[in-house]
Amino acid sequence: MNITFKNLTSIYHENTPFEHLALNNITTTFEEGLYYGIVGHTGSGKSTMIQTLNGLLLPSLGEVHAGNIVLRRKSRQRNIHQVKKHVGMVFQFPEHQLFEETVLKDVMFGPKNMGMDQRTAEEKARHYLHLLNIDASLFDTSPFDLSGGQMRKVAIAGILAMEPEVLILDEPTAGLDPESHIETMELFQNIHQDMGITVILVTHDMNDVFQYTDQVKILSEGHLVKEGRTDDLLTDEVLLERYSLEPPDIVRLVHDLERKGITFEQMPKNVEAFARLYEEWRTNHAQ
Amino acid sequence: MIEFESLTYSYRSGEHRALDHISLSIHQGDWVSIIGHNGSGKSTLVKILMGILEDYEGVIRVEGTVLDDENRAELRKRFAIVFQNPDNQFVGATVEDDVAFGLENNGVPREEMVRRTEAALQAVNMLSYRDHEPSRLSGGQKQRVAIASALAMAPDVLILDEATSMIDPEGRREVLDILQKIHHEGRTTLIFITHDLTEIEQSDHAVIMREGRIISEGTVEEIYQDTDALIASRLVLPFHIKLSKRLLDGAYMSYDELVRRL
Amino acid sequence: MLSKMLLGRYIPGSSIIHRLDPRAKIIAVVLFMVIVFFANHWTGYGLLILFILTLTKMADLSPRFLFNGLKLILILLLFTFFMHLFLTKGGTVLIDGGFFTIESEGVITGIYITIRLAMLVLITTIMTLTTSPLQLTDAIERICRPLKAIRVPVHEIALMMSISLRFIPTLMDETEKIIKAQSARGSTFMAGSLTSRLQALTPIFIPLFISSFKRAEELAIAMEVRGYQGEEGRTHYRVLNWEFKDTMVLILMIIFGIILWVIRQ
Numbered sequence: 001m002n003i004t005f006k007n008l009t010s011i012y013h014e015n016t017p018f019e020h021l022a023l024n025n026i027t028t029t030f031e032e033g034l035y036y037g038i039v040g041h042t043g044s045g046k047s048t049m050i051q052t053l054n055g056l057l058l059p060s061l062g063e064v065h066a067g068n069i070v071l072r073r074k075s076r077q078r079n080i081h082q083v084k085k086h087v088g089m090v091f092q093f094p095e096h097q098l099f100e101e102t103v104l105k106d107v108m109f110g111p112k113n114m115g116m117d118q119r120t121a122e123e124k125a126r127h128y129l130h131l132l133n134i135d136a137s138l139f140d141t142s143p144f145d146l147s148g149g150q151m152r153k154v155a156i157a158g159i160l161a162m163e164p165e166v167l168i169l170d171e172p173t174a175g176l177d178p179e180s181h182i183e184t185m186e187l188f189q190n191i192h193q194d195m196g197i198t199v200i201l202v203t204h205d206m207n208d209v210f211q212y213t214d215q216v217k218i219l220s221e222g223h224l225v226k227e228g229r230t231d232d233l234l235t236d237e238v239l240l241e242r243y244s245l246e247p248p249d250i251v252r253l254v255h256d257l258e259r260k261g262i263t264f265e266q267m268p269k270n271v272e273a274f275a276r277l278y279e280e281w282r283t284n285h286a287q
Numbered sequence: 001m002i003e004f005e006s007l008t009y010s011y012r013s014g015e016h017r018a019l020d021h022i023s024l025s026i027h028q029g030d031w032v033s034i035i036g037h038n039g040s041g042k043s044t045l046v047k048i049l050m051g052i053l054e055d056y057e058g059v060i061r062v063e064g065t066v067l068d069d070e071n072r073a074e075l076r077k078r079f080a081i082v083f084q085n086p087d088n089q090f091v092g093a094t095v096e097d098d099v100a101f102g103l104e105n106n107g108v109p110r111e112e113m114v115r116r117t118e119a120a121l122q123a124v125n126m127l128s129y130r131d132h133e134p135s136r137l138s139g140g141q142k143q144r145v146a147i148a149s150a151l152a153m154a155p156d157v158l159i160l161d162e163a164t165s166m167i168d169p170e171g172r173r174e175v176l177d178i179l180q181k182i183h184h185e186g187r188t189t190l191i192f193i194t195h196d197l198t199e200i201e202q203s204d205h206a207v208i209m210r211e212g213r214i215i216s217e218g219t220v221e222e223i224y225q226d227t228d229a230l231i232a233s234r235l236v237l238p239f240h241i242k243l244s245k246r247l248l249d250g251a252y253m254s255y256d257e258l259v260r261r262l
Numbered sequence: 001m002l003s004k005m006l007l008g009r010y011i012p013g014s015s016i017i018h019r020l021d022p023r024a025k026i027i028a029v030v031l032f033m034v035i036v037f038f039a040n041h042w043t044g045y046g047l048l049i050l051f052i053l054t055l056t057k058m059a060d061l062s063p064r065f066l067f068n069g070l071k072l073i074l075i076l077l078l079f080t081f082f083m084h085l086f087l088t089k090g091g092t093v094l095i096d097g098g099f100f101t102i103e104s105e106g107v108i109t110g111i112y113i114t115i116r117l118a119m120l121v122l123i124t125t126i127m128t129l130t131t132s133p134l135q136l137t138d139a140i141e142r143i144c145r146p147l148k149a150i151r152v153p154v155h156e157i158a159l160m161m162s163i164s165l166r167f168i169p170t171l172m173d174e175t176e177k178i179i180k181a182q183s184a185r186g187s188t189f190m191a192g193s194l195t196s197r198l199q200a201l202t203p204i205f206i207p208l209f210i211s212s213f214k215r216a217e218e219l220a221i222a223m224e225v226r227g228y229q230g231e232e233g234r235t236h237y238r239v240l241n242w243e244f245k246d247t248m249v250l251i252l253m254i255i256f257g258i259i260l261w262v263i264r265q
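Residue numbers (this note's numbering), protein chains in the order written: chain A, 1 to 287; chain B, 1 to 262; chain C, 1 to 265.
Rather than coming from a laboratory, the hints here were simulated on the basis of the structure. Note that beta-carbon positions come from the ideal geometry of N, C-alpha and C, so glycine has one too. What you were told as hints is all true, and nothing was included just to trick you.
Sample of chain C residues with no beta-carbon within 12 angstroms of chain A, all distances over it, derived:
(1) R116
(2) M161
(3) Y237
Over 10 angstroms on every C-beta distance to chain C, these chain B residues come out as not near it, computed from the model:
(4) N71
(5) D156
(6) T198
(7) R210
(8) E217
(9) E222
(10) D228
(11) R234
(12) V236
(13) P238
(14) F239
(15) G250
Just some of the chain C residues that point at chain B, by a computed CB distance under 10 angstroms:
(16) P12
(17) L165
(18) R166
(19) T170
(20) K214
(21) A216
(22) I221
(23) V225
(24) Q229
Please put together the full structure from these sequences, using the hints given.
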């Protein structure tokens, strides 16, 4: 399912002294099966954009096309519900949304709201809890007895069990320790690759955006200022500087080495790839 | 100087020990980082030091004086702490009210209170926000106010209990910059609790905890070299240390040094 | 809707009214509540309206803005008016509708009482618009201090009020986030029977309660480690400065009351 914004403008508190233009005339597409990153400073419109993507906010002007459903300023509840079914959203600190008596019931909440019957919902819940390495012995315990990391996994399972075609991640690793951070990002990467789900990642962590996403959209003060391939945008020092975005660690290192005369044919994506390229360069220049 | 001697603590008697014979010395003016995952015991250690948890076994000495029921309240005034959640430690209705809260509790005369509040806000670059309400501040700014609130009490020891884990990278950098400034002035001992190895580079001394024990201790360089302890405690090395290990002799170096040596 | 609700809001400013001691403002409002009842004919009510208009001007508030705020309690005002219109008898019969009559006395009383109510609401609104909740709390604490003699925990109540005020925006944000998160999970709050609507609130209230308890616990620890032990030996950062202008306000208020008393019929 593709999602397209057509001349979309979003205004908060319209016609009051607090009026605020959050998104300004944006036309863009999120194509099926790709991994997107949305970057920009606090207040750039990122969170308005993702909430508009799944119908939590409706556009003030313009349209959102999600598959063949169109959302406008005054769309019907039924259409909005349809969009939510296809577009899942993992909020920042998703563990704060847990409420059921047991882990299993909590994960089943979303699927049941989306019209799955009890049995299917339970099947899905069990499947995704397993996928997230939650031990079956915990299924009947209260989610509030789990550790913070496990609670987050249960909350994520609750979204995945709705089997969305598009998955939006809002700072999914906030507050996690570095190991869980890597584990969580790898998990989404696997889901993206194995199940072909479109992923839209909003984060401050430019290393994650660089490593995992295919496409990047840069927002600044409500404008979509640049979009394109991650490998093009996040390696463009001038562009990043203009919107005061940090370059990813590897990009910074590669550029610093270029200034020393060490140049690589391609941009490495991780430490291992960098090390290999570097060693290659060393052997070639040893003579 | 703070000394822990064979400190042991269990949350419920008979259960496994949250702290298992911890012995550690923290020197005045040092920046000491305590690193470990959730459940490693690092926060328990802090809670005991702050008197939030009692009934521990072992001895805590502050400047040579053994901490006991009688002097605890008095000695505790030398410690100040900044917690993890920026919202849940903001007591005052505005920035300056929050900084003054601790001073009010200690009966500091008003003129001195105003002076100390201003100085503390100045130290964290938040003076221009003095009449702001917390809802208008970012997470990083709230943590800076929390540091100012702690500094206003003129503590000997400032404890930061995962104070950077809930804020964005920009806020984190600001907080670390301020800590570095405080450290430079040299009056305040910093005890910095974290699970992020990229945040410990400035510290004089670092300790890795795992399951209630100290499994590695030393300078930051020594910690980065202790591969076994790092693997056992499932910690992730900073980017440039990973590279120096992979490509150079593995010696500890800063990012700039790495660029120079490659 | 809520954004139109002016009562209880604060608009920062530096007018003379803003700068008055909050205690003076509270006492003046209480005095006004008494004075309002002195007026009993056109001149008196005219003076009251003039008084409120002058205050509005002095507080740098736009009258339109203030009267927009009145719209919200319009129903209450209309209700009061019609109550008196139909129920107060006397004077000449204006309309005779068989089982009900409207008499001239009813019209006049209806107008008077409605003006009275509107004036009371307006002066309270002017006070809250020009005084931060924090200042009000401080003022209430000072004014109520004598009550400590009869063991009313004045300081604790004031602290509780100020902490509640501080956490209102935090909890509002939190509620909004939870509503959005559950709504993204397909929860609907606006459909179905009353029972199903109430059930739909569980996924909001439980997370909200849990996080609030956690906040309360952490806040208590934060207060304790910063040396909070109740009021004993505590000093105050915020001070209220009673100045000559504050005394003047109260004197003017009393003079205004005397005038209204003298011209009453």
